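**Student:** Now for the letters of each chain:
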Amino acid sequence: MNNRTTTTTAAGARPAAIGSFGGPSLRLPLTLGFVAIVFVAGAVAPSYFAGDFMLRLANEGLLLGMLALSVAFLMNQAGLVALGAASIYGGAGLLFAIAMSEWNMTPTGALCASFLIIVVYATVLGALIVRTNPLAFMMLTLAAGEMISHGVMLEGLRDYTGGADGLVVNFKGSIFGMEAADFASPARFWLVAWVGAWLAGLALWAVGRSRLGAILRAVRENEERMRFSGFDTYLPRLIAYVLVNIVAAIAGLLHVLNAGFVSPESLGLSISTNTLVAALMGGIAGSVGPIVGGLIFSFAQDEFGARGLTQLLTGIVIVVFIVVFPRGVVGGLWSAARLRARVGRRETS
Amino acid sequence: MLKVEKLSVSYGSVRALTEVDLEVRGDGTLHGVIGPNGAGKSTLLDAVCGRRRPTTGTVRYRDQDITRRSVAWRRRQGMARSFQRTSVFQDLTVYEQLHLVAQHLGDDRLDDVIAVMDLAGYLDQKAGRIAYGVQRRVDVALALIGRPHLLLMDEPGAGLSAAETLRLFEHLRDLVRERKIAAVVVEHDVDAVFACCGTVTVLDLGRHLATGTPQEIRADHRVVAAYLGTAA
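For the protein sequence lines, the chains are Z and B, in the order given. First residue of the first sequence: 1, per the working numbering; consecutive thereafter. First residue of the second sequence: 350, per the working numbering; consecutive thereafter.
Each hint should be verified, as a subset may be incorrect.
Quick list of the computed label-pair ranges, beta carbon to beta carbon [claimed, not checked]:
#, chain 1, residue 1, chain 2, residue 2, range
1, B, ARG409, Z, HIS150, 49 to 59 Å
2, Z, THR132, B, ARG409, 29 to 39 Å
3, Z, ARG307, B, GLN474, 47 to 57 Å
4, Z, ARG342, B, ALA464, 29 to 39 Å
5, B, THR405, Z, TRP205, 45 to 55 Å
6, Z, PRO134, B, GLY387, 31 to 41 Å
7, Z, SER210, B, ALA469, 22 to 32 Å
8, B, ASP473, Z, ALA136, 28 to 38 Å
9, B, GLY387, Z, ALA136, 24 to 34 Å
10, B, GLY375, Z, PRO134, 32 to 42 Å
11, Z, ARG338, B, ASP414, 47 to 57 Å
12, Z, ARG338, B, THR405, 56 to 66 Å
13, Z, VAL324, B, THR407, 58 to 68 Å
If you are wondering where the hints come from, they were derived from the structure by calculation, not from laboratory data. Only a predicted model underlies this, so the values are computations on that prediction, with no experimental measurement involved. Even glycine gets a Cβ: it sits at the ideal position worked out from N, Cα and C.
Work out the full structure: start from the sequences and follow the hints.
**Tutor:** Okay, structure coming up:
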């Protein structure tokens, strides 16, 4: 599914290859208009129609969706499964809380510091592990994630991390004009999370359609051929790994701003596996699927928890989704729509 | 163009190549490499292109020792390889993958490669859905992009009929002659090799057996005894 401009060659007009953006098209203004309507409606409508409880669930779903987006992008573009997403998500929040309480930084300063530390960590870890094969990569991200999540529970670090009790965020001041109460308000936070999810989705969508995305997919498909075509196959994967961890870190920072608290569970394996499930449920092929998957998962978990059968029903739903929607909900609906359009075109012609 | 000196490659305790010498000139002739199964032909190409690190020996390319250089570096310096088993991007269209590589190597004459390999009719098709013979051509086309100085082709005729193999060899011979580049071709189809190659090297059990013109090789009793038999 490529939007291509045409370039004229001796072979005749030829659609431009992957890595180029679409040119003028009748569909483009309509698509942009539709997207703008969805964006504005989604930003505004929930605050009017949903109560605080539903908005809280939706906020959690959006943040889980952003985290799922980071995992989905790496899977889809690079063929790599990262099982340590929670360590970045929770780790960013924990660093923010530590920066506020221990280092006495301003909220903006703490945000920047925790973000930078995560970027450095992701770069160093990525430099070591993206060289490996996909299975080893998955296990190494799991190991690194578990190392972090258990490390914060060490008695020697308890004064910084709060240990099993977690850490309350000592938020004084404001970030981009928003204070602690604004971030804690479900309705106001929904707007922040919605914009954050859109920006993350658009950014990764743009990367996916760029030359970097084309190279990542080609490396995923045939790494050896890429090397034999003169490509460095290491650096693109490292860049992708750092980018997705940036998205995960942003999700984690938004989470801690909203919750006002960071618990050790937010760095744990269950968050990482929930993230993977959300990505698979929604679909990993684009930016919309993981966000939708996060929302579905968040609401489903609440519903199942109310019945006291969280784990059982979650397991059943996962199996059903993967059987009925092997490409995820969004992927399945998209395929169905395209098939219907193709059938419609055949019938009219 | 290419000088291989005392090249040895071992896989554990198995010696795949033993002190092989090879010299290839960049004068526009095809240099064929033949030998029975297990002779070390593919291993030789692997060592030259960097896919396999030699145990001992050197590989010199354009007067530079490249023994320790990476595969990607060699490619960017104009050493291209095609594979015995077709290695293309199944989920990309023919044009997408050719363009991706051409863009990276700064080759703005992709149309020439498309024309030479007769791929114009398949550009919009995904490589995974085209016939094997066309996939072979895509594989070779990927090696031709970037105007390489040295082509290393590992059984380019594998899976093709005798007629298709001969046609491919003739294509390659003309291309190599026209561009004055060097090409080393490993091939089992001895008839095609003798018909199109100006120089032929014979390997047997990892050792160099003989190098010469096709006529000299046919007449070499060691080669006849080890490989060609009475058919030559």
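**Student:** Against each hint, give a clear statement of whether it holds in the structure.
**Tutor:** Now the hints, each set against the structure:
1. B:ARG409 <-> Z:HIS150: 49 to 59 Å: holds (53 Å)
2. Z:THR132 <-> B:ARG409: 29 to 39 Å: holds (33 Å)
3. Z:ARG307 <-> B:GLN474: 47 to 57 Å: Hint holds: Cβ distance 51 Å, inside 47 to 57 Å.
4. Z:ARG342 <-> B:ALA464: 29 to 39 Å: holds (33 Å)
5. B:THR405 <-> Z:TRP205: 45 to 55 Å: Cβ of THR405 (chain B) to Cβ of TRP205 (chain Z): about 51 Å, so the range 45 to 55 Å holds.
6. Z:PRO134 <-> B:GLY387: 31 to 41 Å: holds (32 Å)
7. Z:SER210 <-> B:ALA469: 22 to 32 Å: holds (28 Å)
8. B:ASP473 <-> Z:ALA136: 28 to 38 Å: For ALA136 (chain Z) against ASP473 (chain B), whose Cβ atoms are near 37 Å apart, the range 28 to 38 Å holds.
9. B:GLY387 <-> Z:ALA136: 24 to 34 Å: holds (32 Å)
10. B:GLY375 <-> Z:PRO134: 32 to 42 Å: holds (40 Å)
11. Z:ARG338 <-> B:ASP414: 47 to 57 Å: With a Cβ separation near 54 Å, ARG338 (chain Z) and ASP414 (chain B) satisfy 47 to 57 Å, so the hint holds.
12. Z:ARG338 <-> B:THR405: 56 to 66 Å: Holds: the Cβ-Cβ distance is about 57 Å, inside 56 to 66 Å.
13. Z:VAL324 <-> B:THR407: 58 to 68 Å: holds (60 Å)
Going down the numbered hints, you'll see the structure goes against none, and every one checks out.
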